[in-house]
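Asker: Residue strings, one per chain:
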Amino acid sequence: MTAMVPTADIDSGSGTAPLLQVRDLVTSIKGRKSDVAAVDHVSFSVSRGEIFGVVGESGCGKSMTALSILRLIPVNAAITGGAILFDGVDLTTLNERAMRSIRGNRISMVFQEPMTALDPSFTVGTQITEVIHAHSNVSKAEARERAAQMLDRLGITNAASRLDSYPHQFSGGMRQRVMMALALVMNPQLLIADEPTTALDVTIQAQILDLIAELRRDMGLSVLLITHNLGVVHEIADRVAVMYAGEVVEIGPVQQIFANPQHPYTQGLLRSMPYLTDRQDRLYVIPGRVPELRAMPSGCRFAARCRNRIPICTQRHPQLVENEPRHALRCFNPTPYVD
Amino acid sequence: MSTEPLLTVNNLVKRFPVATDFFGRSTAFVSAVDDVSLQVQRGETLALVGESGSGKSTLARLVLRLIEPTSGSVRFDGQDVLGSNKGQMQEFRRKAQIIFQDPFESLDPRMKGEVIVAEGMPDSGRSKSERKARVAELLDLVQLPADAARRFPHEFSGGQRQRLSIARALAVDPIFVVADEPVSALDVSMQSQILNLMRDLQDRLGLTYLFISHDMSVIRHMADRVAVMYLGQIVEIGPAVEVFSNPVHPYTQTLLSAVPSLIVGGTPPTLLDYEAARAAIGACTGSGSLQAVSGQPDHMVACFGEDAWVRHRGRM
Ligand SMILES: Nc1ncnc2c1ncn2[C@@H]1O[C@H](COP(=O)(O)OP(=O)(O)OP(=O)(O)O)[C@@H](O)[C@H]1O
Ligand SMILES: Nc1ncnc2c1ncn2[C@@H]1O[C@H](COP(=O)(O)OP(=O)(O)OP(=O)(O)O)[C@@H](O)[C@H]1O
Ligand code: SF4
Ligand SMILES: [Mg+2]
Ligand SMILES: [Mg+2]
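So the protein sequences, as listed, match chains A and B. Our numbering puts the first residue of the first sequence at 144, with every later residue one more than the last. Our numbering puts the first residue of the second sequence at 70, with every later residue one more than the last.
Derived from the structure by calculation, the hints contain no laboratory data. Where hints are given, some of them may not hold.
As the list claims (entries may be wrong) - Pairs of lysine-lysine, DSS-like flavour, derived with a Cα cap of 30 Å: (1) B/Lys155 <-> B/Lys197; (2) A/Lys173 <-> B/Lys201; (3) B/Lys164 <-> B/Lys197; (4) B/Lys201 <-> B/Lys164; (5) B/Lys181 <-> B/Lys197; (6) B/Lys164 <-> B/Lys181; (7) A/Lys176 <-> B/Lys164; (8) A/Lys176 <-> B/Lys181; (9) B/Lys155 <-> A/Lys173; (10) A/Lys176 <-> B/Lys201; (11) B/Lys155 <-> B/Lys201; (12) B/Lys155 <-> B/Lys181; (13) B/Lys181 <-> B/Lys201.
What the hints assert, rightly or not - Have a look at the derived ranges for each label pair, beta carbon to beta carbon: (14) A/Met329 <-> B/Asp177: 29 to 37 Å; (15) B/Lys155 <-> A/Phe265: 34 to 42 Å; (16) A/Arg175 <-> B/Asn79: 30 to 38 Å; (17) A/Arg432 <-> B/Pro178: 25 to 33 Å; (18) A/Ser244 <-> B/Arg94: 40 to 48 Å; (19) A/Ser264 <-> B/Asn154: 30 to 38 Å; (20) A/Phe265 <-> B/Glu137: 25 to 33 Å; (21) B/Asn154 <-> A/Asp262: 33 to 41 Å; (22) B/Gln159 <-> A/Gly431: 53 to 61 Å; (23) A/Asp295 <-> B/Pro178: 28 to 36 Å; (24) A/Asp167 <-> B/Pro191: 49 to 57 Å; (25) B/Asp177 <-> A/Asp178: 26 to 34 Å.
What the hints assert, rightly or not - Quick look at which bits of chain A chain B covers, simulated, 3 or more residues with Cβ under 8 Å: (26) 190 to 202; (27) 257 to 264; (28) 388 to 397; (29) 425 to 431.
Note that the Cβ used here is the ideal one computed from N, Cα and C, for glycine as well.
Start from the sequences, fold in the hints, and give me the full structure.
Answerer: Next up, the structure:
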């Protein structure tokens with residue numbers, strides 16, 4: 144029935160070499176006594192023109208995975224295993240200078256918290272045009288024009304006049320869009336977007352998703368999209384990885400995973416969604432809580448919270464196994480989803 | 070117990086300068102909050118929704134007097150907030166808490182988790198060990214890891230930081246909490262957990278919430294009443310049931326019809342044309358002031374006339 148496959152082989156199935164291949168990535172956080180793996184043997188790939196979603200429990204290692212790709216992890220963390228192939232080159236082996244020419248140019252990132260990335264002491268216009276000047280040779284006026292156009296496409300009203308505002312003069316959702324402008328203005332090959340629409344109402348969210356879809360169609364943009372919004376994943380992503388406690392627990396085409404979620408954690412997530420039509424008295428919550436990084440169980444990391452648990456779950460660590468073409472999961476006892 | 074609303078906001082206005090000339094004089098302004106009046110009853114949740122940049126966070130800051138309004142008044146628990154003296158302000162600051170939209174900005178980077186949470190806790194009536202236990206309890210309530218007390222803000226994930234600021238807001242036993250996108254960085258299970266917690270606290274302690282979110286299904290779950298903001302003004306306000314089942318303002322309709330398909334359990338609201346909406350409001354003056362929807366005295370809508378209507382609808 145199921146075959147063991149190396150997880151790096153679970154790609155989009157397009158047949159061409161993926162643009163990004165993350166292979167067995169381990170990112171550890173230094174501790175007083177010992178190090179802990181915040182990202183634990185994570186593998187996935189993103190094809191050219193593909194939109195790849197990542198969802199998962201708060202604190203499960205999504206941002207750390209994204210930051211590892213650009214080698215922007217915190218000082219107390221280190222990539223301690225695996226490879227990150229971008230267009231065939233292993234980013235983990237590049238020196239800082241080579242990395243800098245890739246960042247913001249070929250790979251760009253929208254950070255989860257805008258103010259960590261925006262400089263409070265420069266106007267938004269200065270920050271965007273600086274990126275343009277750093278990577279291309281255009282006049283000042285042209286750079287300003289391009290910056291304004293980008294903000295306008297992202298739904299900022301009176302974009303040209305808002306170029307002279309400082310980040311603190313923007314609302315939360317406007318800052319998110321400024322970061323998106325910084326990320327997209329150089330037409331990168333890969334956009335890594337960490338929760339890019341958390342502060343946006345549905346109308347502007349739709350506008351931004353349309354823009355991403357358009358850039359993918361016209362420029363072949365690839366996207367690694369981290370989000371808690373399952374509706375957004377459903378709407379725009381081709382494939383999705385579900386992470387739990389530092390590991391990928393389910394990966395596959397979005398349609399398959401939403402129609403037929405297999406991993407008990409994925410099923411729990413879908414069950415937890417509040418619905419628009421009726422006001423439930425209590426929302427469903429996955430019982431229990433995620434294990435601490437320092438006290439990871441040796442068996443399945445979801446076992447303590449799982450309704451499908453069987454004895455082997457606490458004895459052995461489940462591997463990621465393909466259960467139908469291009470759809471893999473890490474579970475000894477999957478059952479069909481019931482709402 | 071008085072029947073006066075816990076919070077009454079009258080004609081609140083905030084204009085920000087966004088451009089200055091050579092001499093540093095302001096030459097252009099944004100009316101972030103433009104003549105807003107509303108009331109929040111004790112024990113209720115008023116949800117604030119609206120377009121990004123429509124003034125929700127600014128209104129939240131004005132209500133808590135974190136910034137001074139250009140004009141208007143704020144009454145809280147029988148007191149004029151803007152005219153309060155230092156002692157009254159201190160008391161107000163404890164009773165009314167805020168969970169900020171961007172936790173990274175609002176958490177002191179040099180303070181450890183336990184200090185952040187304990188900071189505003191009243192000294193009286195609690196021993197040191199009781200305080201410590203209370204901090205641990207709060208960190209656990211928002212499902213933070215056991216070592217959260219000893220970590221600095223930058224050592225958390227985005228959603229963990231958000232939960233840290235929720236724990237901090239709850240630590241001082243407030244009676245009113247302004248929650249600005251409090252669950253936007255959480256996975257749906259954790260989000261449900263926090264929303265359940267907020268509802269439990271409300272049932273148990275009678276807390277009052279001003280709850281800002283862009284997620285209509287979250288609003289549906291939390292809100293007793295909903296206010297919809299657009300360009301600094303409230304364009305629709307009313308009981309959540311009525312606003313959700315019978316949205317009248319074109320922007321509200323758009324919000325409810327554009328929810329990604331997966332989340333909508335039923336059919337999106339039918340979109341009214343201008344004439345139908347005018348009929349629903351009764352004698353619409355097109356003046357932009359809030360008017361009651363016929364048959365629903367608590368459900369108010371601002372209608373700016375046909376041109377504005379077409380403009381709003383053009384956004385869809
Ligand atoms: N600088 C740091 N020092 C110590 N631990 C850290 C640091 N940064 C992150 N962590 C821990 O590493 C784990 C993974 O964090 P990460 O930011 O990748 O989570 P995430 O999946 O992005 O979560 P969220 O959805 O809440 O943003 C978390 O348990 C977090 O507490
Ligand atoms: N300090 C400031 N100086 C100048 N303009 C400001 C300032 N703060 C807010 N604004 C402007 O006021 C308007 C309303 O901002 P606010 O932050 O209240 O919006 P919001 O409704 O909370 O949006 P979001 O959903 O994106 O967080 C925006 O146009 C913003 O640029
Ligand atoms: S391996 Fe066992 S405990 Fe883990 S998710 Fe599957 S059934 Fe549940
Ligand atoms: Mg994160
Ligand atoms: Mg805001």
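Asker: Determine for every hint whether it applies to the structure shown.
Answerer: So, going through the hints one by one against the coordinates:
1. B/Lys155 <-> B/Lys197: 27 Å, holds
2. A/Lys173 <-> B/Lys201: 26 Å, holds
3. B/Lys164 <-> B/Lys197: Between B/Lys164 and B/Lys197 the Cα gap is close to 22 Å, so the pair holds against 30 Å.
4. B/Lys201 <-> B/Lys164: Given that 30 Å is the threshold and the Cα spacing comes to 21 Å, the pair holds.
5. B/Lys181 <-> B/Lys197: 17 Å, holds
6. B/Lys164 <-> B/Lys181: 24 Å, holds
7. A/Lys176 <-> B/Lys164: Given pair A/Lys176, B/Lys164 is violated - Cα atoms ~41 Å apart, limit 30 Å.
8. A/Lys176 <-> B/Lys181: Holds, because 19 Å separates the two Cα atoms, which is no more than 30 Å.
9. B/Lys155 <-> A/Lys173: Violated: B/Lys155 and A/Lys173 sit about 46 Å apart, past 30 Å.
10. A/Lys176 <-> B/Lys201: 24 Å, holds
11. B/Lys155 <-> B/Lys201: The given pair, whose Cα atoms are some 29 Å apart, holds under the 30 Å limit.
12. B/Lys155 <-> B/Lys181: Distance ~28 Å between B/Lys155 and B/Lys181 Cα, so the pair holds.
13. B/Lys181 <-> B/Lys201: The given pair, whose Cα atoms are some 13 Å apart, holds under the 30 Å limit.
14. A/Met329 <-> B/Asp177: 29 to 37 Å: Since A/Met329 and B/Asp177 have Cβ atoms about 35 Å apart, the given range 29 to 37 Å holds.
15. B/Lys155 <-> A/Phe265: 34 to 42 Å: 36 Å, holds
16. A/Arg175 <-> B/Asn79: 30 to 38 Å: 55 Å, violated
17. A/Arg432 <-> B/Pro178: 25 to 33 Å: 26 Å, holds
18. A/Ser244 <-> B/Arg94: 40 to 48 Å: At 43 Å between Cβs, range holds.
19. A/Ser264 <-> B/Asn154: 30 to 38 Å: 35 Å, holds
20. A/Phe265 <-> B/Glu137: 25 to 33 Å: 27 Å, holds
21. B/Asn154 <-> A/Asp262: 33 to 41 Å: 39 Å, holds
22. B/Gln159 <-> A/Gly431: 53 to 61 Å: 40 Å, violated
23. A/Asp295 <-> B/Pro178: 28 to 36 Å: Cβ of A/Asp295 to Cβ of B/Pro178: about 34 Å, so the range 28 to 36 Å holds.
24. A/Asp167 <-> B/Pro191: 49 to 57 Å: At 51 Å between Cβs, range holds.
25. B/Asp177 <-> A/Asp178: 26 to 34 Å: 27 Å, holds
26. 190 to 202: holds (count 5)
27. 257 to 264: Holds, because 3 residues of the region 257 to 264 of chain A bring their Cβ atoms closer than 8 Å to Cβ atoms of chain B.
28. 388 to 397: violated (count 0)
29. 425 to 431: holds (count 5)
Figure legend: structure checked against the earlier numbered hints; hints not met, in rising order: 7, 9, 16, 22, 28.
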